[in-house]
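For the protein sequence lines, the chains are H and Y, in the order given. Heads up: the first sequence is residues 13 to 415, going by our numbering. Heads up: the second sequence is residues 13 to 415, going by our numbering.
Be aware that one or more of the hints could be misleading.
Given that identical chains are not distinguished, each listed pair holds provided it fits within a single copy or across any two copies.
Under the rule of at most 30 angstroms between Cα atoms (straight-line distance), these lysine-lysine pairs were calculated in the DSBU-like manner [claimed, not checked]: (1) K397 x K374; (2) K34 x K247; (3) K360 x K374; (4) K270 x K323; (5) K247 x K323; (6) K80 x K65; (7) K247 x K59; (8) K34 x K238; (9) K327 x K65; (10) K80 x K238; (11) K270 x K238; (12) K323 x K397; (13) K323 x K374; (14) K374 x K67; (15) K238 x K75.
To be clear, the hints were calculated from the coordinates, so they are not data collected in a lab.
What follows is each chain in one-letter form.
Number of protein chains: 2
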Amino acid sequence: MIAFAMLLAASVCLAQDQGDFKPASSNVLDAQYPKVDGNSRVQIRFKAPDATKVKLNFWSGPKVDMEKQPDGFWTFTTAPMAPGLHYYTIIVDGAEVSDPSSTAYFGGSKWASAVEVPEAGVDYYQPNNVPHGQVRQVWYHSSVTGTWRDAFVYLPPDYDTQTIHYPVLYLQHGGGEDETGWTRQGKANFILDNLIASGNTKPMIIVMANGYASRAGYVVPDLTGKPFGSPEFLKVMQERMSAFEDDMTQVLIPFIDKTFRTLPDRDHRAMAGLSMGGMQTFQVTFDHLDLFSYIGGFSGAANVFLTGNGKMDTKTAFNGAMADPAAFARRVHLLWIGVGTNEPERMKTGLENLNASLDEGKIQHVFYESPGTDHEWQTWRRDLKNFAPRLFQTRSPSATSAR
Amino acid sequence: MIAFAMLLAASVCLAQDQGDFKPASSNVLDAQYPKVDGNSRVQIRFKAPDATKVKLNFWSGPKVDMEKQPDGFWTFTTAPMAPGLHYYTIIVDGAEVSDPSSTAYFGGSKWASAVEVPEAGVDYYQPNNVPHGQVRQVWYHSSVTGTWRDAFVYLPPDYDTQTIHYPVLYLQHGGGEDETGWTRQGKANFILDNLIASGNTKPMIIVMANGYASRAGYVVPDLTGKPFGSPEFLKVMQERMSAFEDDMTQVLIPFIDKTFRTLPDRDHRAMAGLSMGGMQTFQVTFDHLDLFSYIGGFSGAANVFLTGNGKMDTKTAFNGAMADPAAFARRVHLLWIGVGTNEPERMKTGLENLNASLDEGKIQHVFYESPGTDHEWQTWRRDLKNFAPRLFQTRSPSATSAR
Numbered sequence: 013m014i015a016f017a018m019l020l021a022a023s024v025c026l027a028q029d030q031g032d033f034k035p036a037s038s039n040v041l042d043a044q045y046p047k048v049d050g051n052s053r054v055q056i057r058f059k060a061p062d063a064t065k066v067k068l069n070f071w072s073g074p075k076v077d078m079e080k081q082p083d084g085f086w087t088f089t090t091a092p093m094a095p096g097l098h099y100y101t102i103i104v105d106g107a108e109v110s111d112p113s114s115t116a117y118f119g120g121s122k123w124a125s126a127v128e129v130p131e132a133g134v135d136y137y138q139p140n141n142v143p144h145g146q147v148r149q150v151w152y153h154s155s156v157t158g159t160w161r162d163a164f165v166y167l168p169p170d171y172d173t174q175t176i177h178y179p180v181l182y183l184q185h186g187g188g189e190d191e192t193g194w195t196r197q198g199k200a201n202f203i204l205d206n207l208i209a210s211g212n213t214k215p216m217i218i219v220m221a222n223g224y225a226s227r228a229g230y231v232v233p234d235l236t237g238k239p240f241g242s243p244e245f246l247k248v249m250q251e252r253m254s255a256f257e258d259d260m261t262q263v264l265i266p267f268i269d270k271t272f273r274t275l276p277d278r279d280h281r282a283m284a285g286l287s288m289g290g291m292q293t294f295q296v297t298f299d300h301l302d303l304f305s306y307i308g309g310f311s312g313a314a315n316v317f318l319t320g321n322g323k324m325d326t327k328t329a330f331n332g333a334m335a336d337p338a339a340f341a342r343r344v345h346l347l348w349i350g351v352g353t354n355e356p357e358r359m360k361t362g363l364e365n366l367n368a369s370l371d372e373g374k375i376q377h378v379f380y381e382s383p384g385t386d387h388e389w390q391t392w393r394r395d396l397k398n399f400a401p402r403l404f405q406t407r408s409p410s411a412t413s414a415r
Numbered sequence: 013m014i015a016f017a018m019l020l021a022a023s024v025c026l027a028q029d030q031g032d033f034k035p036a037s038s039n040v041l042d043a044q045y046p047k048v049d050g051n052s053r054v055q056i057r058f059k060a061p062d063a064t065k066v067k068l069n070f071w072s073g074p075k076v077d078m079e080k081q082p083d084g085f086w087t088f089t090t091a092p093m094a095p096g097l098h099y100y101t102i103i104v105d106g107a108e109v110s111d112p113s114s115t116a117y118f119g120g121s122k123w124a125s126a127v128e129v130p131e132a133g134v135d136y137y138q139p140n141n142v143p144h145g146q147v148r149q150v151w152y153h154s155s156v157t158g159t160w161r162d163a164f165v166y167l168p169p170d171y172d173t174q175t176i177h178y179p180v181l182y183l184q185h186g187g188g189e190d191e192t193g194w195t196r197q198g199k200a201n202f203i204l205d206n207l208i209a210s211g212n213t214k215p216m217i218i219v220m221a222n223g224y225a226s227r228a229g230y231v232v233p234d235l236t237g238k239p240f241g242s243p244e245f246l247k248v249m250q251e252r253m254s255a256f257e258d259d260m261t262q263v264l265i266p267f268i269d270k271t272f273r274t275l276p277d278r279d280h281r282a283m284a285g286l287s288m289g290g291m292q293t294f295q296v297t298f299d300h301l302d303l304f305s306y307i308g309g310f311s312g313a314a315n316v317f318l319t320g321n322g323k324m325d326t327k328t329a330f331n332g333a334m335a336d337p338a339a340f341a342r343r344v345h346l347l348w349i350g351v352g353t354n355e356p357e358r359m360k361t362g363l364e365n366l367n368a369s370l371d372e373g374k375i376q377h378v379f380y381e382s383p384g385t386d387h388e389w390q391t392w393r394r395d396l397k398n399f400a401p402r403l404f405q406t407r408s409p410s411a412t413s414a415r
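Use the sequences and the hints to build the structure in full.
If you want it as structure tokens, here you go:
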């Protein structure tokens, strides 16, 4: 955060089109801005002819003032940014809105803007010339919520031409995001296409569900004015976590196993999630170790949000599921904790403490650090790229190498 | 347009939550506004504490001034609106932006806001308790564009449990929209689920492609400042139409026929589209009557945009494809022209002239008028609901009843 703030403060205003600035791949068709140059600097341009003050709000950094141009556009050029997809909004005379030039991505509980800064030498999340799987939107009626719910399901490239059954990874979005996040922001389908084509990853099905659920009859209280983390907010969150857990384990998993050619047992079922989705992953999997044998927390996991910086006692946590480290290692083939090295201090400390607790408890696990990335999608793309190849291998990597 | 303007002008400002106003189904999770009441009035609320002027811009009506409240929110309540999904934007001190409380829908070449006004007594586009098909996002490499392109494909509910082959409807979005429009705005998947469940519509595959294409190597000129309809704009549009036609007929159709269990002949292939997509439909199908035998133009069709209000000479149009009406009726099982009775005058006149030209030329066709709806999605939902049951019937309705 601090490094990023310094970079922004050092930014200079460039003339339009100077250098090798090109429209970002995240723009809508024909939009010339945002632009990104070879040094990962980003130019934003926003039309607000009658505004008094326009601020640019990259969520990973401080808000900065945009500069008004004579043509009614406001502009800003950043210093070099980390690679990946950066959410942002524009604040026009106090109204926080999206940039109409950007593709809208659901994040922060709204359809926000984002700019894709390419990572040099890397194409693992691009649509390369390899066989492509399908991403299917499916609908199921939930007896838990009393509503029709949808989920996105990635099927590996050979699904429709084979008759074999596949293992399944349940992969959850973060807080304020939805079931579209892992494909639209995360490019999970392209990551898996490329991993599978490389031969080192088992073809698998990925299920991406909506992490928000409300039991039938539950009336969500109006949270207007109730900030993230307030008691009212946390109560709704816990109610939804519980409803989500029941919907997933009682309705979604049976629906998926009925609808697709899955291997419907715990040895062929994984769950991972980012941020809030990581917390949900730990809750759901440890409550249901009969259903899951691979567990991934990407920048979010047990205790990080709710109990702060405290250490975990692995002897007693999760009703003692880890009390016997050797038995746990046989039962859970992979326990993965990921974090970006530039994530906010509270997040990093929480995950480092969790890692240290697992070390002290001699709990076999992998602690993955994504260099130079924040609490953002590039961290989670890297998590998935490194996590997926370890899933469903005949001999689990976790059985031979802790960390 | 005029009726709607009068309704807006007559609108009154209501106290918040007065009456039976409820959050719209098109809102993002937990957003309390926009609200809709039982009389189809819509309340919009937008936070802009430091703005001097905020306007509400329903695209089907005139821009209106919102009223600033002491809490920094601006509000407006409309008079009763027509049922359906209404695109809108907010103009904050000259900046035209989306409402963060609304789901974002791709329209007008940006991720715009929209509010869903329910239609009383109608549930044909809702997710009812019937079997649901899947909507699959698929990727194909186009030798025409030199890029990977995606398309959305609706598969009927029984696709994965049957081994039969299905007819295919290619269904195109309008100008400024994309391949997500027909499911996200149009609810095409739910419409087909319900039609198929009712037993009066053949199970079919629907392919929704992106109507914008550029040939490999074509550099799109910067259209900044070039209005819709300008020579520069039309040149780009024609180039894209041509590239789209080649991509669809040379790459997409073979890809679909290879990937899915289709009936790959003209008797089992239809194409329809709305507005620009209707124009594309007429161009593609009349150029390729060897590929298609069902044709639908929803608020857009031959000649409406490019040649204005002129009549069509059915003896010479499309290289004489309709010169022999009886032969044409045997060859084309359904020719459908749809229009909403409240569409803008230019659009209505163009389509009525086309209808009159077809009548005069004794060309068997259906002219469908959607009562009370504008150049908006409710018109096109109704088109699809009435068009789809006429497709792929053993004995084509068009063979026995003109109009």
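Okay, the hints, checked on the actual structure:
Only within a single protomer do K397 and K374 lie at most 30 angstroms apart by alpha-carbon distance; the minimum there is 26 angstroms, versus 62 angstroms between protomers. Taking the closest pair of Cα atoms, K34 and K247 come within 30 angstroms of each other only across two copies (23 angstroms); inside a single copy the shortest separation is 45 angstroms, beyond that limit. For the homomeric pair K360 and K374, the shortest alpha-carbon distance inside one copy (21 angstroms) is at most 30 angstroms, but the shortest distance between copies (74 angstroms) is not. In this assembly of identical chains, the alpha carbons of K270 and K323 never lie at most 30 angstroms apart, being 40 angstroms within a copy and 55 angstroms across copies at closest.
In this assembly of identical chains, K247 and K323 lie within 30 angstroms of each other by CA distance solely inside one copy; the values are 23 angstroms within and 65 angstroms between copies. For the identical chains of this complex, K80 and K65 are neighbours both inside a copy (9 angstroms) and across copies (18 angstroms), given an alpha-carbon limit of 30 angstroms. Taking identical chains as interchangeable, the C-alpha atoms of K247 and K59 lie at most 30 angstroms apart only when they sit on different chains, with a minimum of 26 angstroms there against 40 angstroms within one chain. For a Cα distance limit of 30 angstroms, the shortest separation of K34 from K238 across copies, 20 angstroms, qualifies, whereas the shortest one inside one copy, 41 angstroms, does not.
For the homomeric pair K327 and K65, neither the shortest alpha-carbon distance inside one copy (55 angstroms) nor that between copies (61 angstroms) is at most 30 angstroms. When the C-alpha separation of K80 and K238 is checked against a cutoff of 30 angstroms, the pair qualifies only between copies, where the shortest distance is 23 angstroms, while the shortest distance within a copy is 34 angstroms. With identical chains, the CA atoms of K270 and K238 are never at most 30 angstroms apart, being 41 angstroms at best within one copy and 53 angstroms at best between copies. For a Cα distance limit of 30 angstroms, the shortest separation of K323 from K397 inside one copy, 28 angstroms, qualifies, whereas the shortest one across copies, 59 angstroms, does not.
Taking the closest pair of Cα atoms, K323 and K374 come within 30 angstroms of each other only inside a single copy of the chain (14 angstroms); across copies the shortest separation is 82 angstroms, beyond that limit. In the homo-oligomer, the alpha carbons of K374 and K67 never lie at most 30 angstroms apart, since the shortest distance is 48 angstroms inside one protomer and 61 angstroms across protomers. For the identical chains of this complex, K238 and K75 are intra-copy neighbours only, at 22 angstroms inside a copy versus 33 angstroms across copies, given an alpha-carbon limit of 30 angstroms.
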